[in-house]
Amino acid sequence: MTYIKPAFRHPKAPVNDLGWTRQDYEGGLSTLCAGCGHDSISAAIVDACFQLNIEPHRVAKLSGIGCSSKTPAYFLSGSHSFNSVHGRMPSVATGANLANRDLIYIGVSGDGDTASIGLGQFAHGARRNLNMTYIVENNGCYGLTKGQDSATMDTGSVNKKGDRNLSTPMDVARLAIEVGATFVGRSFSGDKEQLVPLIKAALSHRGFALLDVISPCVTFNNHQGSSKSYEHFRSVKEVMPLDFVPVREEITASYASGTTCEVRMHDGSMVRLHKQDSDHDIEDRQSALQAIAHYESQGKVLTGLLYIDRDSEELHDQLGTARRPLNTLTEQELCPGSKFLDSINAGLR
Amino acid sequence: MTYIKPAFRHPKAPVNDLGWTRQDYEGGLSTLCAGCGHDSISAAIVDACFQLNIEPHRVAKLSGIGCSSKTPAYFLSGSHSFNSVHGRMPSVATGANLANRDLIYIGVSGDGDTASIGLGQFAHGARRNLNMTYIVENNGCYGLTKGQDSATMDTGSVNKKGDRNLSTPMDVARLAIEVGATFVGRSFSGDKEQLVPLIKAALSHRGFALLDVISPCVTFNNHQGSSKSYEHFRSVKEVMPLDFVPVREEITASYASGTTCEVRMHDGSMVRLHKQDSDHDIEDRQSALQAIAHYESQGKVLTGLLYIDRDSEELHDQLGTARRPLNTLTEQELCPGSKFLDSINAGLR
Amino acid sequence: MQPKQAINDFVIKFANVNGTGSASANGMFAKAIFRMGIPVSPRNIFPSNIQGMPTWYEVRVSQDGYLGRRGGTDIMVCVNPQSMAQDVAGVEPGGYFVYDNTKPLEPRFLRDDIHYIGLPLTEICLREYTDARQRLLFKNVIYVGALAALLNIDFTLLKDLVSDQFKGKERLITPNIYALELGYQHAQANFSCPLSIHLERGHKAAKHIEDFDNILMDGNTAAALGAVYAGATVAAWYPITPSTSVVDAFDTYCRRLRIDPGTGKKNYAIVQAEDELSAMGMVIGANWNGARAFTATSGPGVSLMSEFLGLAYFAEVPAVLIDVQRAGPSTGMPTRTQQSDILAAAYASHGDTKHVLLFPATPAECFSMTVEAFDLAERLQTPIIIMSDLDLGMNEWMSPPLEFDDSYRYDRGKVLDADALEAMTERFGRYLDVDGDGIPYRTYPGAHPSKGAYFTRGTSRDEYAAYTEDGQAYVRNMDRLLKKFETAKQLVPEPKLKEAEMETRNGAVFFGTTASPAYEAIEILEKEGICIDTLRIRSFPFNEDVEQFIREHDRIFVIEQNRDGQMRRLLLNETSVPVKDRLIPILEYDGLPVTARKIAGMIRNFITLGNVTPITRRAQAEEISA
Amino acid sequence: MQPKQAINDFVIKFANVNGTGSASANGMFAKAIFRMGIPVSPRNIFPSNIQGMPTWYEVRVSQDGYLGRRGGTDIMVCVNPQSMAQDVAGVEPGGYFVYDNTKPLEPRFLRDDIHYIGLPLTEICLREYTDARQRLLFKNVIYVGALAALLNIDFTLLKDLVSDQFKGKERLITPNIYALELGYQHAQANFSCPLSIHLERGHKAAKHIEDFDNILMDGNTAAALGAVYAGATVAAWYPITPSTSVVDAFDTYCRRLRIDPGTGKKNYAIVQAEDELSAMGMVIGANWNGARAFTATSGPGVSLMSEFLGLAYFAEVPAVLIDVQRAGPSTGMPTRTQQSDILAAAYASHGDTKHVLLFPATPAECFSMTVEAFDLAERLQTPIIIMSDLDLGMNEWMSPPLEFDDSYRYDRGKVLDADALEAMTERFGRYLDVDGDGIPYRTYPGAHPSKGAYFTRGTSRDEYAAYTEDGQAYVRNMDRLLKKFETAKQLVPEPKLKEAEMETRNGAVFFGTTASPAYEAIEILEKEGICIDTLRIRSFPFNEDVEQFIREHDRIFVIEQNRDGQMRRLLLNETSVPVKDRLIPILEYDGLPVTARKIAGMIRNFITLGNVTPITRRAQAEEISA
Ligand SMILES: Cc1ncc(C[n+]2csc(CCOP(=O)(O)OP(=O)(O)O)c2C)c(N)n1
Ligand SMILES: Cc1ncc(C[n+]2csc(CCOP(=O)(O)OP(=O)(O)O)c2C)c(N)n1
Ligand code: SF4
Ligand code: SF4
Ligand SMILES: [Mg+2]
Ligand SMILES: [Mg+2]
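Residue numbers (the numbering used here), protein chains in the order written: chain A, 574 to 922; chain B, 574 to 922; chain C, -17 to 608; chain D, -17 to 608.
Think of the hints as simulated: they come from the structure by calculation, not from any bench.
Just so you know, these numbers come straight off a predicted model, no measurement behind them.
Don't take each hint at face value.
[What the hints assert, rightly or not] Label-pair distances were calculated between CB atoms; the ranges are: (1) D:D536 <-> C:K478: 29 to 39 Å; (2) B:G893 <-> C:S6: 24 to 34 Å; (3) A:D854 <-> D:K247: 29 to 39 Å; (4) C:T156 <-> B:D915: 25 to 35 Å.
[Said to hold, decoys possible] For lysine-lysine, the following DSSO-like pairs were computed, each having C-alpha atoms within a straight-line distance of at most 27 Å: (5) C:K471 <-> C:K562; (6) B:K733 <-> D:K248; (7) D:K149 <-> B:K719; (8) C:K466 <-> A:K734; (9) C:K151 <-> A:K733; (10) D:K151 <-> B:K719; (11) D:K562 <-> D:K478; (12) D:K248 <-> B:K734; (13) D:K562 <-> A:K912; (14) D:K478 <-> C:K562.
Ideal Cβ positions, reconstructed from N, Cα and C, are used throughout, including at glycine.
Generate coordinates for the entire structure from the input sequences, incorporating the hints supplied.
Below, the structure is given as structure tokens:
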């Protein structure tokens, strides 16, 4: 898993503009339970990167601890990866991004990793508008520790033990919108059609892109009475279909017509949305929250691109960092040398 | 300061129904800077408790670390107090409340203590609807460490160093509403008329009551260009006047007439509000967020009671804890004794 | 080569795939042997994963009642093709390799120094069951049935166990017994049962088991029960392997014992915190407010709790923390065992801090020490950390039955209640050393309308809890805390001394799960003429008994399961051991419970060759581990 | 009683109210003496508070160039009625008490063994100024003016300092000089100047200052400058006294040196994290990605960072942490100094961990060791913790000028770049010990399109960074980490040996800010005929020099500023010191920098009486402290 063996390549496999096959974007063999939603998300990430012609080595994968946080080992084996400690991935990602603003940062976390132990770091990463794609693989439970409720578990949902959850759920998507994330989407591990373009859009976004992806835990939270089971979520999700149009492609359709609207991304690419709810202005925070609440009041969960601020200032803009990655600055550029030190000394006499 | 010396009492000082004077609710001499907003808040707490006829020893004061977190030493010296570690007061308060649900819990924190290092604990305390009054003494900076920006510092606000803040502010009130607090108010240390009744209402609320009180730091964040200065906040605050009617008192005025509405609290007391914005339904989350955003869009900050869920389930309801405080259970009630152990042993053979 | 002969004394290991239901079948196997009155110690060697990875179940059967790992495998039951290579290699010469011969064994797995027993498990399942899930599950039951025949396990015992296991789900009993029969019949029909290695009933009280009135229990459940008996009413925790089952068990017992009959409400509160910092904060808050509260965690949690532990030490708030240790550092090997949090726990947090540690070695001690921990925490007004580990906490151990003396009363420590405060004439000083033992008096919030309120803080304060930056007041307080730690020495559980047959200047010190294999190793060496007195440490700070043991021996082997000899360091720091070399580190840290063989080997090497062979080379010599 | 006679050798202390602008006036006073060429060491003794509480400024003037605290006060300048009682008591017999005599002194403050000098400070201010703020501020300047006359400070120097101080705000210069004049004239007119205790210019190179080409600088600023010179581009931090000024200074220098001339953009990034966990996470992430990154904190931050420190140790990611120690435990005394995070830092985190520590003793070392720290972090791929303290970090110290050798090049450690990877034929193994020094090769993310990518994790892995639960792979890795720590011994700064005039078997070991007073104490004792060799430890792990020093001395005093003798413990643990009693703890921990007198006293007591008088009793004998 230290580098991609070209030997693997299937001669006839389709290649992208870089000449890579989809297989070149895969990772090691998954050790997750058969049917785990997380594996579908890994597959979607592979598709998205393959289709976006991203060079694997330009990607850095980061995660915390959990079944979800193991998944970076199962996609893009050509990328460096940092599986950090529980709930602390955002800070490690921040540091990495500060050091090299030119890589593409994909963070994978779980609902426990993000909404419980990691809530503070998550919220502050979003608030800083750190330029990364942050995927929460949300199964409403702690998979790796055998299924305890997580903070995203919905009120009334029943866990494996048979206990009904009474506390308010953390909605990481709403939270992200509140604290300053500039791209917020929600999707479902079982909805490849929506998930792949959504991930592409997130990767094309400049700033903090949060994807709350419902990803059922088949072993501990896929039973009757669980609000995060495949069956239940399929029944409540209100899908906002969307497709992603890369930069170069001709954009045919005209601008916002009725409930279909097109959002031009910072990099020139475009997201085309088919909204049910025409009042939902995805470029307005309050409206986005309103739309989520609107469906919630009907027992539905809206999936799709919920909110976007297309030209916001990401962390480096706020800091005024130079364009060139800090990790490429040379000793000559960084070290003031003895002359300057003499002036310092002089000033201290 | 270990107990109230009756000797102190001024013979002619007015007394409340318990026969206590206001002075009996005071604390040690403040060591804060002259003019610090925090001292006004301490005074408001004293008034509220005095007027509500609360027995000081039935109150437990908790705080984190910061100038604000020092203030429990400056009010209610007849109450036990726990000045814990930075940002971790909510967990200590939770434990304390679990042990004895019958005390009144007042938590005092700062914007640094709550919105930065303490964000996770704050959000989860609110989410659990812990039965306490949580006051954030919000000055937009880290007073005790000499004025660094805090996460609540508004975008564009200029700090003592002259740097303009570019990141998104954390609005602890909005956040509290999002994550499940059931009583959320905002006020101003300089507005005693509003603050005292608001604190009374918070103390009468059953569940997590968050008060975001703008409390200028005269030493580090009261200058031109600061959005948290006395002058600036006075100019932007949109006050929702309110008064608090204790349980026993006759309620004269009639029900919701125009923009005046009356909210009966869980304990039978009543809060009378005079809303500017008649669309603002303070018992509806989304509407509350909407109202806040509405004023914000006009460069205003709405102060008053923003949101309330009057009969929610506080943590003990969720847990199904017995009515009697756990710390009063006796050894006889708690210890199963050797007989039961024999049955355990038998089951393990 | 001749098959090994062994009765009631061998090691059998099961190689399974996790998440396939093998655990309950294997557990039934071990329990049956236990009920035959034969000492047994089963161990799960499982991956940090939920489904599909190799997992092992090692069962040691020991006539003499040795409960530690012996090392080596006599019978390997291999139901997992993934790990077959290492499993074949792991069998000792003369041992047996039991496998699924539905498909023929690949030649590379053939050894001529071991014996192969093929069971057509898959074939039987395909024949008998249509449902895929059933085929998977019953395969395990079938090989247990076969082993009953091969090893001479009393079949009726197995039947009873099935019935016990499926209480409530009676319809499952018959099919399971049927599956047992399938295996049993097949083995009877195809092999001369029993094998040369087998079991025989009618065991007399074994050398190391006082009488056989034993129980089979895991340490985490015992600790949880201890918390119940100690009257703990608040548990705040955050899930982490291998500590999770402590709070799970506490929950289970509370649901049984702590529901108010009248209202159906709970006389306890369990909160799953958002992280370990919060869990410890809740424990501190609850104890501050007069409830007995505890938490359980493992290494990473201890690191996260260290700031709060410093607060509790300095502000003098009781707290009970159960650290079920696993292999560090960092996330390390979450499902492997170690004793490597000793220093992290003893000196947790910045500044001058020291914490009281307890070291249980058996489920019975997990129970009794947890009960004791709450008394100590309140008596000493400081955190008490119970240092268990994965091996003790998550595996079932034979243990003397749990005991509880009904005449025993909780020690709630120095607390002034309303009456005491009322009667008080002098000014209450929260941090006054009234009794000269370094332990001050506390009050609960709300205790009295006008007396006893004080300000709890992590900052320096005077005897009356008032904030101060006066250096003398600070030093008085810090010195009192030291005095309190001295007092603790008299209160914590004393170590257990075990002297060798013959007078000797050799000593060995160990604690926790290292005890069983250590005692066994000492006996192995004794047979070779090497006599060693032993002291099993049960707590920190170390009291006079420990000092004396160190004084009276020239050469003390400190046996522990970590790389850096952490207990040895603690002994160097905290006893008056005159000469450093007197303490010889005997270390194992590959994450598997240390074996008697390894310990004996290291000590033997030291005494004969003067050095301890480094573990890496030992490891190669040893059987492969998961 | 006769007034004490002293030229260029005395202690003067100012008692002020914090937040009244006394700091800059007092600083000017000390700087003037420094510019007269007379060794001086000023210290702030301030409260954990922003305004209105007592604060002290202690200035030691030492002809011989002793920079540690001496103990005692010869001249007390009391401008704070709050603390007058203890301030009067603090003056040594024969000393002076300078006070504001606008109101007559209360009789209880009168002592007949000291001399009183009344200055009508308030009166003058009321007369001269109308604005309240001015009255407050100029009062400080006036007493400095008066002291110039009383102590014979070159007045023109003071004028220059005023001009320096108000560069940019020139209009403030005249009024300040005027205020100085006010005080100066008054003193000249009313007292026979100079006093028996005073200063004299024309100082020759002092015994302990090579030549007088010295600078006056605080350690935090020096450390920040070190980070700039080391090429640190990322700083992530969370404010905490006394470390805050490290990043403040780094910010200031970067604004000057790191702005891209073309674009005006920053060639650095400073992020105020939401807490210390996050700060350390950012540092780890940045270093992992090939930028030099650091953070600065104090005790509580170290506790919170411990989980991440364990990750960096185990995953082998470089990191630089500056721990400016303060008085613990918990929040303790945030504005007092101590050396009490030694164990917390050396063994930070659960499991078997060890961290490299550096111990700067001067601003010059804060600079050079910080530069060095980044090389070590990248060479060793592990966290490097610089153990400074409040006294060194926040006070101005006379120090030899900072030096930097332009021929020196950064050591970025073992990193395989694109070319190296391209040239590579064998498989890249992130954790392979290719060179046998325990240090593996790393790659930066994005380095090469198809080679060098690996998976960084806190879990156990094999040489190729693949997850494993294999006990042997785990042990190989843990043993390699030990080997790496051995390698570190050759790379870290060596200790400084200073031998006594005469051959002796007495030794003393100390580090950081304990050095100055320790060296002075040793000289005091030498005069009494007690000879002691000294070794100033500058890093952990300890190398052969330390071992040798311990071997060659029968009695070694370990002098440190904490309660538990943490460095002594570390020496016991990590060196082969044969006999424990050989290391004798000499401890001070009241939060004020230890004085030469106290150290000498304790050692003298031990050598003559065989015991070290406990600090509490010493404290009473000592002058009162803040
Ligand atoms: C500090 C710390 N605490 C606890 C754990 C144990 N732990 C491992 S994963 C996990 C939760 C995982 O839940 P989630 O993030 O939702 O991931 P999932 O397994 O559900 O995908 C926990 C509590 C840990 N590894 N570290
Ligand atoms: C773990 C830890 N980190 C940092 C500090 C230093 N510190 C003390 S108070 C404070 C911030 C206070 O800000 P805020 O909560 O807003 O209170 P304020 O002083 O503004 O009222 C900080 C960072 C600390 N005491 N503990
Ligand atoms: S336990 Fe749940 S989350 Fe973990 S791998 Fe299995 S299905 Fe997925
Ligand atoms: S520094 Fe600011 S917050 Fe602190 S006491 Fe002074 S004015 Fe108040
Ligand atoms: Mg999850
Ligand atoms: Mg603040």
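Status of each hint after checking the structure:
The hinted range of 29 to 39 Å is satisfied by D536 of chain D and K478 of chain C, whose Cβ atoms lie roughly 37 Å apart. Look at G893 of chain B against S6 of chain C: about 31 Å separates their beta carbons, and that is inside 24 to 34 Å. For the pair D854 of chain A and K247 of chain D, the beta carbons lie near 34 Å from each other, so the given range of 29 to 39 Å is met. Between T156 of chain C and D915 of chain B the beta carbons are some 32 Å apart, a value that agrees with the proposed interval 25 to 35 Å.
As the CA atoms of K471 of chain C and K562 of chain C are separated by approximately 23 Å, the hinted pair is consistent with the 27 Å bound. A C-alpha spacing of about 21 Å is found between K733 of chain B and K248 of chain D, which places the hinted pair at or below 27 Å, so the restraint holds. Taking the CA atoms of K149 of chain D and K719 of chain B, the gap is near 24 Å; set against the 27 Å cutoff, the hint holds. Restraint check for K466 of chain C and K734 of chain A: not satisfied, since their Cα atoms lie roughly 44 Å apart, outside the 27 Å limit.
The hinted pair formed by K151 of chain C and K733 of chain A meets the criterion: a straight-line CA distance of about 17 Å does not exceed 27 Å. Using a Cα cut-off of 27 Å, the hinted pair K151 of chain D and K719 of chain B holds, with the two alpha carbons roughly 23 Å apart. The suggested pairing of K562 of chain D with K478 of chain D holds, with an alpha-carbon distance near 23 Å, which does not exceed 27 Å. At most 27 Å may separate the alpha-carbon atoms for a hinted pair to count; K248 of chain D and K734 of chain B meet this at roughly 17 Å.
With a CA separation close to 49 Å, the supplied pair K562 of chain D and K912 of chain A exceeds the 27 Å bound. Pair hint K478 of chain D plus K562 of chain C holds up; C-alpha atoms about 25 Å apart against a cutoff of 27 Å.
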